[in-house]
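Chemist: Going down the list, the sequences are from chains A and B.
The first sequence lines up with residues 1 to 280 when you count with the UniProt record's numbering.
The second sequence lines up with residues 1 to 280 when you count with the UniProt record's numbering.
Warning: the hint list may mix true and false statements.
Listed below are the simulated DSS-like cross-link pairs for lysine-lysine, each with C-alpha atoms no more than 27 Å apart in a straight line [claimed, not checked]:
no. : chain 1 : residue 1 : chain 2 : residue 2
1   : B       : K199      : A       : K137
2   : B       : K199      : B       : K74
3   : A       : K222      : B       : K222
4   : B       : K145      : A       : K201
For the record, the hints were derived by calculation from the structure and aren't laboratory data.
2 protein chains.
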Amino acid sequence: MIATVVGVGLIGGSLAISLKEKGVANWIIGVDHSQENLAKAQELKIIDEGSTLEDALQRSQLIILAIPVDAMLKALPSILDKIQPHHVIMDVGSTKEKLLQLVAGHPKRGRFVAAHPMAGTEYSGPEAAVRNLFVQKTMVLCDVKNSDEDALELIESMVDKLNMRLVYMNAEEHDLHTAYVSHISHITSFALALTVLEKEKEQGRIFELASGGFESTVRLAKSSPDMWVPIFKHNRSNVLDVLDEHIHQLQQMRELLAQEDYDTFYKLIQKSNKIRKILK
Amino acid sequence: MIATVVGVGLIGGSLAISLKEKGVANWIIGVDHSQENLAKAQELKIIDEGSTLEDALQRSQLIILAIPVDAMLKALPSILDKIQPHHVIMDVGSTKEKLLQLVAGHPKRGRFVAAHPMAGTEYSGPEAAVRNLFVQKTMVLCDVKNSDEDALELIESMVDKLNMRLVYMNAEEHDLHTAYVSHISHITSFALALTVLEKEKEQGRIFELASGGFESTVRLAKSSPDMWVPIFKHNRSNVLDVLDEHIHQLQQMRELLAQEDYDTFYKLIQKSNKIRKILK
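The following block holds chain A by itself, in its conformation from the complex (with noise of 0.2 Å):
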């Protein structure tokens, strides 16, 4: 199979690479605004070759969109328009209820699949796809009742040689659930690269101190805004919902510290240590 991915960037390159070893697909073809992007990514053997999205649509069946979420609003409609019968058309963004509801009457809704891969890293460009990053990772597929039985058919059997477990999703729930398990992840560390820059004058003081623990907290910080803004302003509601949580968690732990109530303090971390059962 021909595969086209659009976007070759940390994820399109990643799922480049790895269609291509696990057989899913023989060829890949790029489509990228940024020609430098497409070189790049053709040097590196991510894709087989660059090309138009027109071009694309013309010898592949599958077609993933690996944009961010406010180019992916634009481009899927017209995609839409033009795709044939054989095409089946999957995205990869983190937000899922806008696009849903603005292709909900397409005629060719069917081709569609609205997946979101939970995998990534903090890097972006081709440059940063790497092997193996969905391997026993989640992919979660959207709003599947939607989608034709053989376009489904085709993505679960590709997510099955990825060697991914398949969740299934509606839309408004993986809004909501993402919005915990990752878009907050990164506000909070975004935020705190900036409280550290802010406060922290002595700059080389923190490249010496910094180990693990603040490394850990602080990596997403580095992630792109092209990416993040558009995802953040598409689940703004529930975005807002939970940084107002733990805005107020964190003044709770401000003011247990404040009044110097220790035995509080020791109890809220006690319940926040709860997190080990549920995390891997």
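Given chain A, put chain B in place with the hints provided.
Modeler: Positioned in the frame of chain A, the structure of chain B alone reads:
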């Protein structure tokens, strides 16, 4: 050399393993208020024998205190009372000002070297001890001008053999900088775990969806309150200061999202990306 490690948990246990492996000590005595931990540490071959502090002082030259910082405040003065001129005492605690103030006037202050290895994990107890925890990590030595030259030399030589980088600071600087690069990361992680546990009632969904990003920002929330409450207590003023700034940054992001000012939000994320330059 015979060395004694008081507190055979994550840090003490990992140090015991390294001291032996790097040839700093050829025999390690473990001291711990928990007989169970001592037995476990011996079973895991982390220590050669378990004993009492009194016996350990009779037979060893180097004594390393790897106990929570509040327990350290109680233990250090009485240990200094008991030691002989050939003894060298080192701590590994995460806060320094209170401890160094406490022993400032002690006649045997010179035998003590205040140290803080910038390394750890979210786990505790002897089972959490690991090889190579300290390799290429930073060891901070505080107020070394108040330590005897031979005591300092012994510790510096140990740090060198452990393949660690040495950094010198005074106690005030240390407590300020660690509030930024370590203590605040733990607070945000505890608060993030509480947020998710509070709001996300479908905990199975967290398990299914949580990927690397969530795991890395929340893993510190597995950390023990026995270790961390005393640290926050001892470094209360610095931690409150950083925490206030962090809450302020989060509130700022919250307002931008509420007002849908995505341009400013974008710029804030770009600014936070500068952490790339100073993170390893």
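Chemist: Hints first: check each against the structure and report whether it holds.
Modeler: Evaluated hints:
Pair hint K199 of chain B plus K137 of chain A holds up; C-alpha atoms about 24 Å apart against a cutoff of 27 Å. Restraint check: the Cα-Cα separation between K199 of chain B and K74 of chain B comes to about 40 Å, which exceeds 27 Å; the hinted pair is violated. Among the hinted pairs, K222 of chain A with K222 of chain B is consistent with the structure: their alpha-carbon atoms are about 24 Å apart, no more than 27 Å. For a cut-off of 27 Å, the pair hint linking K145 of chain B to K201 of chain A stands: about 25 Å separates their Cα positions.
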